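**Student:** Chain A is fixed; fit chain B onto it per the hints.
Going line by line, the protein sequences match chains A and B.
Following the working numbering, the numbering of the first sequence begins with 822 at its first residue and continues without gaps.
Following the working numbering, the numbering of the second sequence begins with 607 at its first residue and continues without gaps.
To be clear, the hints were calculated from the coordinates, so they are not data collected in a lab.
Do not take every clue at face value.
[Stated by the list, open to error] For the chain A half of the interface with chain B, some residues (derived, Cβ under 10 Å), not all of them:
hint, residue
1, K980
2, R1186
3, I1202
4, P1205
5, A1220
6, V1248
7, F1285
These numbers were taken from a predicted model, which means no experiment stands behind them.
Idealized CB from N, CA, C, for every residue including glycine.
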Amino acid sequence: MPDNAQIVRVLPEVLLSVFGTLLMVLDALTGRRRKGFLGLLALAAIYAAWIGALISYGKPGAAFYGMVAVDGLATFFRVLICAVGFLTVLSSMSYLQRDGLPQGEYYALILFSLAGQGLMAVSTDLILIFLGLEISSISTYILAGFLRQDGRSTESALKYFFLGSFATAFLLYGVALLYGAAGSTRLAAIQSAIAGGQAGGPLLGAAIGLLFVGLAFKVSAAPFQMWTPDVYQGAPSPVAAFLSTGPKAAAFAVFLRVFFTALPDAGPAWRWVLWVSALLSMTIGNLAALRQTNIKRLLAYSSIAHAGYVLVAFAARTPIGAAAAMFYLAAYAFMNIGAFVVVSHLAGRGEQYVEVDDYAGLGARRPILAALLTIFLLSLIGIPLTGGFFGKFYIFRAAIHGELIWLAVLGLLNTAVAAYYYLRVIVVMYMREPQTDVPLDPLPASVAAALLVSAAATFYLGLFPGRVLDFASRSAALLLPR
Amino acid sequence: MPPLLNIVLLLPLAGFAALLLLPRRDHRLIRFTALFFSLATFAASLWLLRTPAASGFQWEINRPWIDDPAIRYHVGVDGISLWLVLLVTFLTPIAVLASWRHIDSRVKEFFALLLVLETGMIGVFVALDLFLFYVFWEVTLVPMYFLIGVWGHQRRIYAAMKFFLYTMAGSVLMLAAILWLYNLAGTFDFPALRSLLASGQATLTPAQELLLFAAFFLAFAIKVPLFPLHTWLPDAHVEAPTAGSILLAAVLLKMGAYGMLRFCLPLFPQASRGLAPAICLLAIIGIVYGALVCLVQPNMKKLVAYSSVSHLGFVVLGIFSFTQLGADGAVYQMLNHGITTGALFLLVGMLYERGHSLDIADYGGVATPAPGLAAAFLITSLASAGLPLLNNFVGEFLVLQGVAEVSFRYAAAAAVGVVLAAWYLLWLFQRVFLGETPEAVASQVSDLRPREWAAVVPLLVMMLWMGVYSRSFLERISATTATTLTHLELRVENLPPHAR
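So here's chain A without its partners, still in its complex pose (with noise of 0.2 Å):
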């Protein structure tokens, strides 16, 4: 029977499925009016795991028999995801209703969802992070389709069901594998068979490929990237916004966990399937960017290019290279969010307006949302002063420590390229003549409140990054054993 401290390692987790579930039931128990109460509920409870995962640091350590650990990574990435799913509900809130989509359900497959996220953060059992990311998949597919009169959300869902379906296998086929040359499932234990000697080889390798095949499918990394365009394109905004961000964070602790913690004696050979992935990663993600005119498509691009980025400090292999890493996370999700959400109040019902030239003249038209479309636009560019420039400087500067320094040079000149794309939306609102057969709808307040949260935290981490890119450092430092 697990003692109350045990209990408290997993709060988080336990707040987000006890809360989802009781959504369920109150859905089923209101009548079609009085639903506006539960997106507060969703809030309430996200706001609650927040709180759970701030007090489950204060009992840092591992439970269950070594299978979860309370730890720095941990607690960064559950605060993280929170924040992610909070601002999620916070813009679908009008969305929703907006669409006369089902309300209830939506708002207990995102605490699903990230309640799988939590349980990803904090897993040290391979079992355990195979089951998280199974939780938070199976949410985020029919989160995709929820557009159901909608045939591209329903493509949507079905391609990243089925292509998030192999993925999966294929990390599960490596957990088998890893299992079958370390003898354990836990990461410790992975560890100090491969340090002592008895793991390695091409078993070992086969295992080390397919984990990095089925992470690099979650995360979007190139070669592996295919599916993310068609999908952020038909999933309703908030949900490709919480894509991007709450799944992709969670699979690159998971990342970190495993390659750091387990893996880190596996010697050369994965730095250089990073090294290239990470390269292939921005240069696709990038170019293909160029010449998108569906503004989702471009930020879909866009994701991929940013994954690329993060695998630049993964590939330095060092804890520089993991803090930068997770706060390159942190930076990615507020500006991105943040863009995710003007797009989505500007989709209009149905989401009609999805084209960047539907954009022409909101800076006339709309002069607040579009100077906060810019911040975010100018942070995914990584100018000085937002958050992404500091995410940027952090990884490259993680790369060049690690003697990276082709890496960081390509990864630099990628970044100029992905400035061209980002300022041609900036062209178009600020520089064309305002369309006036786009709809502008007012801003509710819920989403004026996401928008202003993500803008506060993209400047804050563009001035004062040092201490949230501490306590990464200080986690990161953690991972290694010792």
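**Tutor:** Coordinates of chain B only, in the frame set by chain A:
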């Protein structure tokens, strides 16, 4: 010491904040607020004149900003940056005046961006931490991008995009170099880096030094712009609104030259020496090529833009002559070019406001309806062409003298540029201001209004002052350039004999 540099940096930002709070429709109030804050910044920056002529940095403020990596808010001025800061604060009110009537849409945003740009430009010249320098360097990019893209002429979007991407491509390489330097030496602090490298506590292999130099130099050379990286400049200048052109030519180009003098030479002396012949050659090509293009240029603004390519060639040549006179002349020429080319763009902008055309062929005999404008234009042209007693003469003379010490052939080739400058500028004056006055011009063009005089006269005064009392400037410039050159020497002498 009072935190003077903080005040100078923050005043324009305060203006920016104030503008955001003002009502959108009250254009008059917005213009006066912008003018007030830019003048206040200028007034505050005049305290910098109390800086003594010493070799080190003055008015330093050095505070931690981020702990890891150690990034410090470290600012200060010396005999070079002091004048460049004053150039910025002097020209911003003039840019505000130049936009007074010219800008009539989105007035609030325009002046707000202008003030952000001012902070960015000042920041570039006072930052002593490489990271901070990079931040300011990039911060200038965004407002200028908007100034060109939103308030520019026909092909503004193309020009704004080109400006942004060219600069960004250069500056990301600089960022890589800054990070690499940090990795090697463990600090972003410029004075610390300089002494670490000079004393040999941090060493670079020749290959490393060459790559680092190249990365920094490329970013600066794009900004200057050095031939053949200049192609963004005519587009950006022609399409930008007047205030944008003034600040672009007068200040943003100087950021490149300043960067070479401040960072490339002291940090990478061997690479600087090694590549100097090639760089000087490119500078001379730029001088002559720019001047030749000016001779066949039908568009006034483009003509002034290409004259910048030519004039900036002198600056680069002076810097890479590695002589005291050459360096002094280069710095002086940076200021001169800021004043005279700023004035040329201002006057061309005033002509455009009247005649709605930039084509030389559309004008003629403007001196008859607008004698004041013609007089101001003539003085500015003569200054730009290097007439004695006016400012450019001093700078060009010093550069040529310095270059001649090293290579007479270089000096002779560069002197061709001076001759051509007189030709194309006076010919421009003749075609636009003299001769018969066409009907359209006579009806449209009026003489300068008091507000316009207020913008022009300070520039004319400075041209004369800097031409006559150059000593008051050069004393402090020399003190600093001498230090820079010493650093260049020190390092070479530290080397074993075979590597010298």
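**Student:** All hints are to be evaluated individually against the structure, with a verdict given for each.
**Tutor:** Tested hints:
no., hint, result
1, K980, "34 Å, violated"
2, R1186, "12 Å, violated"
3, I1202, "8 Å, holds"
4, P1205, "4 Å, holds"
5, A1220, "8 Å, holds"
6, V1248, "5 Å, holds"
7, F1285, "8 Å, holds"
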